[in-house]
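Asks: Residue strings, one per chain:
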Amino acid sequence: MTAKFSRRTFFKTSGLVSAGIAATSMLPDKFLLWAEEKGMLQASQIPTYCEICFWKCGALAKVINGKVVKLEGNPAHPGSRGKLCGRGNGGTGLLYDPNRLKTPLINTGTRGEGKYKKASWDEALNFTAERMTKIAKKYGPESMAIFTPTDHFLPLISAFGSPNVGMPSFAQCRGPRDVGLELTFGDSIGSPERLDMLNSKVVVLLGSHLGENMHNSQVQDFVESIGRGAKYIVVDPRFSIAAGKAVKWLPIRPATDMALILAWIHIIISEELYDKEYISRYATGLDELRTAVRDYTPEWAAKETDLKAADIIETAHMLGRRAPAVCIHPGRHATWYGDDVQRTRALGILMALLGSWGREGGAFFATKASFPKVASKPYPEPSRPALNLGGYPFAGGEGVTQAIRTATITGKPYPIKGWFVSGTNLLKALPNQKETMEAIKQLDLLVAVDVMPFDTVMMADVILPECSYLERHDALAVGKGKSLTVSLRQPVIEPMYESKPAWWIAKELSKRLGLASYFPWNTYEDKIKSQCSLWGINYDELKKVGTITIPDSSNPYITPLNQPEFKTASGKIELYSHELKEKGFDPIPVYTSHEKPEPDEFRLIYGRHAVHTFSRTTNNPELHELYPENEVWINATKAHSLGIKNGSYVTLINQDDVKISHIKVKATERIREDCVYMVHGFGTTSKELKKAFAKGGDDQGLVTKYAVDPICGGTGMRVNFVRIGKETINA
Amino acid sequence: MRKYAMVIDQRRCVACMACVVACKKENDVPPGQFRTRVIEKVEGVFPEVRMELRSELCNHCENPPCVYNCPTGASYKRKEDGLILLKKYRCVGCKSCLAACPYDARYINEKKGFADKCTLCEHRIKEGKEPACVATCVGKSRIFGDLDDPKSPVSIALKENHSEVLLAGAGTKPRVHYIKIFSKPE
Amino acid sequence: MEITITGINAATFPHLHVWDWRVAMYLFLGGLSAGLAVMSSILNVRQGGALTVNERAASTAQILVPVILSIGMIFIFLDLERKLNVFWFYLTFQPLSPMSWGSWGLLVFYPVSILFAIAAVPAANRHRLLFRQLIELAEWLQKYRLHLAAANFAMGIFIGVYTGVLLSSFVARPLWNSAILPILFLCSALSAGAAMMIMISSQKKVKLFFTKIDIWLIISEMLLLPLFFYGQYTSSYAHRESIMPFFLFNHEYFWYGLAILFLLVILPCALVIKLLEIKEEHGETLPPDALLKMKLSAIIVLMGGIIVRFSFIYAGQLSHL
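Residue numbers (my numbering), protein chains in the order written: chain X, 1 to 731; chain D, 1 to 186; chain R, 1 to 321.
Take the hints with a grain of salt, since some may be wrong.
These stretches of chain X come out as covered by chain D in the derived footprint (C-beta under 8 Å, 3 or more residues) [what the hints assert, rightly or not]: (1) 65-72; (2) 99-112; (3) 668-678.
Honestly, the hints are just simulated from the structure, not real lab data. What you are looking at is a predicted structure, and each value in this text was computed from that prediction instead of being measured. Even for Gly, the Cβ is constructed at its ideal location relative to N, Cα and C.
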């Protein structure tokens with residue numbers, strides 16, 4: 001039978017086909033999944049790496065008809081090994097969050113009022129460039145500061161001529177840890193931490209709540225090591241998930257961890273449990289150390305730490321007997337009490353005594369392989385010295401964020417008049433929100449580049465909406481764990497609404513600032529392609545698999561042929577740090593006793609929840625429904641004696657009479673009586689975050705006092721004490 | 001003939017909730033509803049505290065009360081592998097299966113009205129993949145396989161470890177086994 | 001002990017709540033129509049139909065059966081989440097599902113009760129059927145009156161008992177999981193039917209006759225309820241816990257406490273009133289205060305039926321293994 005193909009038929013069929021395509025794009029996920037099952041629609045699996053936290057797990061995005069229906073782990077990536085945590089799985093919640101920033105916005109009211117008008121990209125970019133240029137003219141380009149300098153905006157600001165970069169991850173998080181280990185071993189532990197837990201016999205978690213701290217591959221190692229029989233010693237005032245898996249939980253009095261570590265060192269040296277050969281070969285300063293820890297007996301430590309001397313001795317023996325396959329986790333967020341570099345120094349010394357640095361089951365060496373440096377146009381020399389190091393002798397290249405803030409407030413040594421804020425929620429990251437607000441008042445320009453309207457974003461003069469990680473290219477992620485790896489982030493769908501990738505924003509701004517020559521490529525993918533060819537990576541292969549591991553690039557342990565190089569002044573592990581001595585600090589950690597809470601006062605400590613990355617995810621619908629508000633953990637007996645009921649709502653008042661209200665109480669046996677614990681990142685003030693707004697308590701609001709570590713500028717934030725005020729029932 | 005089962009090694013669970021989210025994404029479960037959950041139980045008095053972490057899901061019982069009670073035959077047991085599945089087109093929404101299940105495994109899908117629950121991702125099993133929760137379990141706490149295959153992960157896990165089932169006295173003969181030890185510091 | 005659960009469904013946490021007043025109303029109305037059917041069969045058959053002479057209830061009672069049942073069915077239909085799929089009940093039979101048995105039973109109950117209703121209309125009132133076909137049908141059915149009465153009686157028993165069987169089959173709901181529950185429901189249904197019959201019948205001797213029946217039924221219920229609670233109490237821990245809402249008499253379980261007070265205190269009062277009624281010497285017709293007492297005791301019985309259904313549906317969903 002022949003059919004006449006008329007124009008009518010053509011229009012009918014094409015009309016139907018296009019209607020069909022349009023219809024399928026509006027179909028619900030369930031139908032798409034069913035249709036894919038039946039072979040009607042094809043799903044594509046596009047590899048990328050996640051950005052819900054900073055672990056950068058390789059992920060595979062399942063896309064059906066332009067809709068991301070699922071995210072799964074990329075088996076090729078060492079950070080995820082084919083699995084994603086709850087947050088990684090919930091990445092689609094960020095992508096499809098209805099409260100996302102959709103268009104550029106320019107503030108029409110006062111700062112913080114939230115009266116924004118929608119603007120075109122041209123308008124917003126011109127506004128930004130004009131203001132930046134004005135600042136450069138009036139105050140100099142160094143007056144522009146950037147938090148957090150990413151692979152896209154750091155070149156922009158550097159080209160602009162400012163050296164003032166600040167990453168809260170240094171002074172508000174890892175800084176003291178990295179500095180302490182660098183002073184000891186000449187190298188830090190890295191991120192992801194180069195801990196060989198899989199092969200450990202004993203692991204010490206001091207300042208790590210691994211498990212609730214959901215760092216994918218590290219948690220996988222944690223669990224697997226337990227499966228292999230590793231014994232865990234967890235030092236934590238709170239019975240964390242990790243403590244639940246430990247053979248020894250030491251519920252230490254907060255702020256006394258140094259005493260415990262020094263006592264361990266004392267026992268290990270006095271009972272000669274340390275690795276003699278390793279120390280004589282690779283370390284200096286043993287005699288000084290022995291003298292310095294002479295008085296740090298377990299009995300003394302027991303009094304300071306409120307632990308049993310027998311437990312301190314037993315755990316020291318566990319460490320000594322199982323050395324060198326002992327992993328001392330140096331923690332991650334180390335900014336606690338202001339003497340945090342010294343505490344990490346103590347941990348480093350302990351690691352060295354056990355001979356675990358560079359040994360199986362301890363800390364392994366990074367791969368020696370590397371990629372050739374990518375040549376780029378040299379940046380102009382800033383005319384004034386950077387002020388972002390705050391004068392701290394061992395501040396890292398990531399800058400000391402609050403030093404920039406102070407300069408913004410005081411105008412000394414020179415004024416900072418512009419803040420470029422990208423991908424960080426400063427109001428929740430920096431201590432003492434009052435100071436941050438004061439600083440913001442002084443600014444001529446506050447630019448925010450972000451995906452969601454977080455607290456700090458809602459303070460900006462101009463908001464540039466970045467698309468989520470699922471919609472953009474970003475820099476190739478180089479992994480330097482045991483092996484050298486390179487991972488690709490590529491868009492799995494086109495950017496939604498009018499959001500744009502950061503590289504595009506940076507490039508467009510560069511055009512308007514006369515800095516286009518620093519962004520010579522057309523699209524960022526071009527840059528990635530040229531980088532791959534320089535590094536000998538097959539780009540098409542990388543696009544398909546997401547992560548490529550360079551074979552034969554690992555050499556993790558000390559062997560006769562692989563001798564360690566310690567980049568310290570002496571070239572050896574410095575048990576006694578000459579560098580610190582020179583700068584006037586204690587060359588070997590000395591214990592200082594910290595303030596204790598008054599009766600009915602509690603030290604405020606904080607941490608993470610497995611399904612949240614602080615304020616980044618509190619609005620994510622898929623994660624919000626699992627944990628919509630944080631709680632304040634109070635010891636059950638103490639709560640009972642104060643007449644506070646579990647599940648009731650209370651107000652917390654700190655030593656500076658700053659209050660936060662309407663926080664749910666978790667009366668639990670899992671915490672000491674002298675401290676209270678909250679999950680950080682809740683209590684957002686941004687009304688645009690419809691799900692998260694006013695849910696839970698902003699613990700950072702209570703962090704008004706902070707103890708600055710004089711060695712590196714880290715802000716110890718666990719130095720605030722709170723009282724509890726009951727609220728009326730219907731609060 | 002296959003005999004699909006799941007073994008949950010509670011010693012390896014860290015309550016990361018990856019399974020809860022992955023399951024929702026894989027099966028398009030409506031907001032506020034869940035096919036699997038994680039229970040965190042703490043006993044004792046400070047500082048002698050101990051914790052149990054347990055994830056629960058449909059047990060795909062060998063003696064399923066939800067199948068017996070279904071008036072339209074919508075809830076049924078698949079002969080070739082023992083999975084308890086739902087023929088959605090036959091479901092009337094009478095909720096007998098919700099009332100019959102001792103494990104609170106079922107829920108009424110808010111969008112469509114039928115009584116839904118975990119299917120052990122049978123659409124993934126068909127392709128040789130593991131259920132979504134098993135695939136994403138960061139601690140490798142969830143173990144899945146065919147009990148009729150002595151080399152499968154579940155058979156090995158059950159052979160080497162003591163395991164229990166939930167509500168054994170209910171007579172449902174569940175196919176989810178728990179290697180459960182209350183972890184407790186010394 | 002501290003418990004935190006992530007991933008709970010509102011339908012099953014903190015306890016099951018999927019069935020509400022709609023199901024409870026159906027249970028009551030279904031039971032009532034079943035009991036009424038049984039009573040109307042008795043009315044029509046006893047002493048060769050002597051009781052039906054000049055008796056208003058002879059025609060009205062049986063007509064009420066499908067009407068009350070239909071109202072009940074509307075309620076249970078409203079409870080279905082996928083109402084358009086309701087026909088699936090009748091495209092299959094699941095022998096292990098009491099609900100499947102019940103839905104088919106209801107399907108059979110309708111024609112039986114309607115046919116019997118047509119047949120039960122006394123000859124004098126047959127013209128009220130209006131349609132010629134119906135009147136002819138009524139005449140034709142007369143020779144099958146006894147058969148229909150028996151079938152009606154049997155279906156009434158079935159409908160009165162199957163809901164109890166359905167609830168008792170859930171091992172997951174210990175409060176219902178008792179062999180006494182079906183008997184209790186049947187007894188309550190028959191008692192409600194008898195009470196209804198007392199209210200709608202016109203003659204004194206019919207009223208007194210069903211009062212006597214109701215007395216036996218209430219006595220049975222007075223035995224079954226304590227036996228039920230005793231059986232639960234002496235069974236497993238879950239069973240013992242399941243009856244606690246009734247006996248804690250606290251703020252949280254206020255309504256259940258009230259329910260048990262009604263059932264174990266007020267209901268026996270109905271019994272007492274009825275006993276007094278039959279003891280008394282009455283004239284040809286009942287004096288108004290006697291009529292009032294009869295109505296009152298009947299209403300108490302009906303309320304008892306409602307309370308049993310409601311409290312059991314809600315308390316049963318509180319219970320778990």
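Asks: If a hint holds in the structure, say so; if it does not, say that too.
Replies: Verification of the supplied hints:
no.: 1; hint: 65-72; verdict: holds (count 4)
no.: 2; hint: 99-112; verdict: violated (count 0)
no.: 3; hint: 668-678; verdict: holds (count 6)
In the structure shown, a violation is registered for the earlier hint numbered 2 alone.
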